[in-house]
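For the sequence shown, UniProt numbering assigns the number 1 to the initial residue and increments by one for each residue that follows.
Quick caveat, the hints were computed from the structure, so don't treat them as lab data.
Honestly, I wouldn't trust all of these hints.
[What the hints assert, rightly or not] Using 27 Å as the maximum straight-line C-alpha spacing, the simulated BS3-like pairs for lysine-lysine come out as follows:
| hint | residue 1 | residue 2 |
| --- | --- | --- |
| 1 | K90 | K72 |
| 2 | K103 | K173 |
| 3 | K142 | K173 |
| 4 | K72 | K152 |
| 5 | K93 | K69 |
| 6 | K103 | K72 |
| 7 | K103 | K34 |
| 8 | K9 | K173 |
| 9 | K116 | K9 |
| 10 | K69 | K142 |
| 11 | K215 | K152 |
| 12 | K215 | K173 |
Model, not experiment: these values are computed from the prediction.
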Amino acid sequence: MIDYSILVKSPLFNGISEEECMTLCSKIHYQVRKFEKDAIVVQGGEEVTNLFVVLSGSVRGEMIDYSGKTVKIEDIEAPRPLAAAFLFGKENKFPVTVTANKKSELLAIPVVEFLKLLQLNTRLLRNYLNNISTRAQFLSQKLHFLSFKTIKEKVAHFLLQQAGDRFHSFELKNTQQQLAELFGVTRPSLARVLGEMQSENLIKIEKKTVTLLDKEGLNSLLENG
1 MIDYSILVKS PLFNGISEEE CMTLCSKIHY QVRKFEKDAI VVQGGEEVTN
51 LFVVLSGSVR GEMIDYSGKT VKIEDIEAPR PLAAAFLFGK ENKFPVTVTA
101 NKKSELLAIP VVEFLKLLQL NTRLLRNYLN NISTRAQFLS QKLHFLSFKT
151 IKEKVAHFLL QQAGDRFHSF ELKNTQQQLA ELFGVTRPSL ARVLGEMQSE
201 NLIKIEKKTV TLLDKEGLNS LLENG
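Using the sequences and the hints, build the whole thing.
Quick look at the structure:
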């Protein structure tokens with residue numbers, strides 16, 4: 001059973017009322033699939049035959065980097081879709097393995113059925129095009145991030161992105177363990193690098209606040225990498 005109050009909050013169904021969403025879904029075939037914690041939702045390389053939308057819980061996308069380590073690409077919370085940009089095309093395969101972070105429910109709409117929805121509702125079509133454009137930009141940035149060879153380069157790139165051009169300080173939302181998973185390294189290795197960067201007066205960390213003391217120095221790490 002679909003909770004339409006959740007589904008309409010998905011980027012794909014933005015601006016569509018619960019009643020309209022219910023009417024649209026009544027015209028297609030779909031499934032609501034349940035996954036336990038750590039269950040694999042899809043394997044990387046598997047053909048994309050369904051549009052998946054997380055209805056409850058959370059899943060994570062992971063891939064193997066150039067060194068053979070598992071790197072978490074991102075967590076996907078309800079009610080976001082999975083791999084919407086890979087529904088069509090010659091190589092429509094999942095780019096990452098998706099695993100449930102906790103007990104989760106996902107809406108599965110076969111590609112042919114989703115095509116019907118796009119033809120039935122122009123707002124949904126526009127939302128879908130916006131979504132795949134945003135995802136393409138995100139993946140491009142992620143590939144650029146994975147090109148950095150050292151932990152220090154990855155950390156510098158992440159910190160500069162978080163602060164942006166206008167600010168030197170920001171509130172860190174990730175735990176050190178989450179950051180270690182993001183960078184594909186162990187927590188002690190990440191802690192060592194952060195300690196080195198503070199000793200070199202590149203950054204200062206006070207509780208959750210990170211201050212970039214030397215943006216030029218951080219940028220030089222990337223230029224010399």
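Hint check:
1. K90 x K72: holds (26 Å)
2. K103 x K173: At roughly 23 Å apart (the allowed maximum being 27 Å), K173 and K103 satisfy the hint.
3. K142 x K173: OK: K142 and K173 at ~19 Å, within 27 Å.
4. K72 x K152: Holds, at about 18 Å.
5. K93 x K69: Since the Cα atoms of K93 and K69 sit roughly 21 Å apart, the hinted pair holds (cutoff 27 Å).
6. K103 x K72: holds (19 Å)
7. K103 x K34: holds (8 Å)
8. K9 x K173: holds (23 Å)
9. K116 x K9: holds (21 Å)
10. K69 x K142: holds (15 Å)
11. K215 x K152: Between K215 and K152 the Cα gap is close to 14 Å, so the pair holds against 27 Å.
12. K215 x K173: holds (20 Å)
Consistency note: the structure conflicts with none of the earlier hints.
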